[in-house]
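Engineer: The lines below spell out each chain.
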Amino acid sequence: MSDESIISAQELRFSYGSPDDGKIVLDEVLKGININIRSGEFVAVLGHNGSGKSTFAKHTNAILTPSSGKIYVIGIDTKDENRIFDIRQNVGMVFQNPDNQIVAAIVEEDVAFALENIGIPSDEMRKRVDEALKTVNMYEYREHSPHKLSGGQKQRITIAGIIAMRPKCIVLDEPTAMLDPAGRRDVIETIKMLNRQYGITVVLITHYMDEAAKTDRVIVMDSGTVILDDIPSQVFSNVELLKKIGLNVPQVTELVYELNKCGLNLDSHIITEEECVNALKTILKEE
Amino acid sequence: MAILRTENLTYIYGEGTPFQKTAVDNVTLEIQKGEIIGVIGHTGSGKSTLIQHFNGLLKPTSGKVFFNGVDIWAGKKVLPDLRFKVGLVFQYPEYQIFEETVYKDIAYGPSNMKLDKDEIKRCVTETADILGITSDMLNRSPFELSGGQKRRVAIAGVMAMRPEVLILDEPTAGLDPRGRYTILELIKKYNKTTGCTVLIVSHSMEDMAEYAQRIIVMNQSGLFCFDKTADVFARSEEISQMGLDVPQITKVFNELKKSGIVFDDEIYTVRYAKEKILEYISRRDGTGLCSKI
Amino acid sequence: MLKDITIGQYFPGNSIIHRLDARFKIIITIIFIIMLFVADGFASIIIGVIFMIMSYILTRIPVKLMFKSLRPVIPILFFTAVLNVFFYEGDVIFHLWFIKITDEGVKNASFMLIRVISLIVGSSILTYTTSPVALTDAIERLMSPLKKFKFPVHEIAMMMTIALRFIPTLIEETDKIISAQKARGADFENGNLKQRISAVIPVIIPLFVSAFKRAEELAIAMECRCYHGGEGRTRLRKSQIKISDFTALACSIAFLAGIITTDYLLK
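Chains as they are written, first to last, in my numbering: chain A, 1 to 287; chain B, 1 to 293; chain C, 1 to 267.
None of these hints come from the bench; they were simulated from the model.
From the three backbone atoms N, C-alpha and C, an ideal C-beta is built for every residue, glycine too.
Hints are not guaranteed to be accurate.
[To be verified] Covered, in the sense of this in silico footprint (three residues per stretch, anywhere, with C-beta under 8 Å from a C-beta of chain B), are these stretches of chain C:
1) 169 to 180
2) 183 to 191
3) 205 to 215
Please take these sequences and the hints and turn them into a complete structure.
Structural biologist: As structure tokens, then:
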């Protein structure tokens, strides 16, 4: 991890305008957000629907620009329209429904889509497409039609389409929400590998607490503000707060919390099964 | 008498073509009235195909399906009204919404049943009541609602037909934790108030641990088991090998068992785990730790 | 059903024909169609048929598939052939009550049959051996001179690409919505015309709603991947014209010339 800032939001505010009785009513979705994500980080963003997390995600790619405040992506102000493709090449986005992101009827053509747009020469493109497909373990499907693949496979294709651009960062907006457990595992493994092996910064927006527990840092959003921003074990130790805003904690964290409420004295920062098993062993065996 | 029963149910896709595939293989099971039943299995295990037989959307290649003891395919066509007696809510049901108002959309099913106007109104308002759909919402366009609300309206559309069996295919898919909890609680409430048998197809063993009394496990087109929830969780190692996600709690207690800490019961929910651990400690120490369980 | 129709389907392979440049295949197909229409005698159209059969053999696609794709059009062919048999004046070779068959009628009917069947088989060779993607690509490249006249060539090609990608998805979606409405008691099989039309509304509206949602999400996803129209775009597939492409083209022109000469000589 270096100190290079990939995404830096400063007092970021954003409002949607919707017409009502001839007047425009402003609905403020982001209410002054400060987030700094450094190169190489693996960050999860949690929050219930409508908490503003997807709106934030769209700001990292200049799909939306702030109503007030600033967001710098790889040091570029996203309002600078001349450099919009620099931003989009360096911060790729993956969305929830893989079906609605795949453009071409052949896997490799789809992976090449972004490269075609930024004008990479054919030979170089061929190399990058093959590489990207091998990275997500979908190379053998390169000539298949995407609609016959499983959800997890499709989502890995969309990830390949992003990493072919060789971005510094990937922002994934609930990439596993529509997948079955096997697909979810594949996608999360792929994302983790991209972060660990290739040093790509990852921002993972998710509803699944177990996915968030595996990251380096968890940001919790609620009604347009950041309410927690820390390492996972610290964040999840706020069981009451998280439940109040409609989120969950990993089952083991909840168990520890419940037991401690009854007078036991376990470490409240437990978030993995292994930690929980060890803690329970100690208290259950001691005599 | 069982409300639903299958006898050697087999379904083959694309018979006689090179793409032939047995989707459901020789499944025999009986579902009793009033239960909440979980249906789990990995993608392609045949669970979705199986449930589409229960309301006659698919006709078995061989074998039989009985509703209240009557063979649903005894005649040339499926038993009349079966679709109203066995309600089926598909995955992402909000994509079937089409009417201008929530009321009209929920009324679509009941009006297909050729009920009179008052009867339809009663069906809609009663269902809306159970699902917490306010009268203000009933007059709004369903397309203005949030994702979770739309889902509720779509489910209400099937419930309003007052089926004797309600089958939901992954009713919580794509929702956030609060949305998932709300939907499952409402389904439970519906089961309690109406006594309707409910089948929930789910990928989440965690949710099934909370809500299902019995669980059907499908694996590779066949019925792996159909048992009480506790008995199914007793086989969690096998289930996990099928590629399904076993809850964290179950994994923790499986580990504890391996290291010699054995509980007399299958533990698969946080609530029960807490109870059992406290019981274990107070028995060992002879002290009543935390009486306020 | 819908998916049983093999006209227009693509059968992956690696034959000489498969490997030909799609643009050349389109041009050759057009030349072949011209052959069929300039030929006005049996002798000359046979030359075209020989060209077609040779090409078909080179594709190495089982003949069975071709018959399968012809099957749905057989009734139409039969009907038109029968009409042709009756409506031509000439020497009567068969007479029964008001039915009379003339030699000219038979000749014309069989000539027409050969022409139409060849047309179907010939264009099927194009679609059988060319992936839809390559086909769209070729159309875009062939039309690219039109860009000078502000004709939106890239946009049309992109629309075709997206349509190809989403047609199977939307068919699947339609099936799902139909099942869901059936489960709510919708009846698509019975009733009079008016009832049947109104039964379709619960399918059409959700389909549109979802198609619009998909379009919106796809547009954002495309924007995220730096899409900004055709300007400065490169392609993954290089267009490499090989000697074999020119040979094939020359071959087809030779056959066309053969047909024209034969017709000329026989006159």
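Engineer: Take the hints in turn and mark each one as holding or not.
Structural biologist: Hints, one by one, checked against the model:
| no. | hint | verdict |
| --- | --- | --- |
| 1 | 169 to 180 | holds (count 5) |
| 2 | 183 to 191 | holds (count 5) |
| 3 | 205 to 215 | holds (count 4) |
Of the hints listed earlier, there is not a single one the structure fails to meet.
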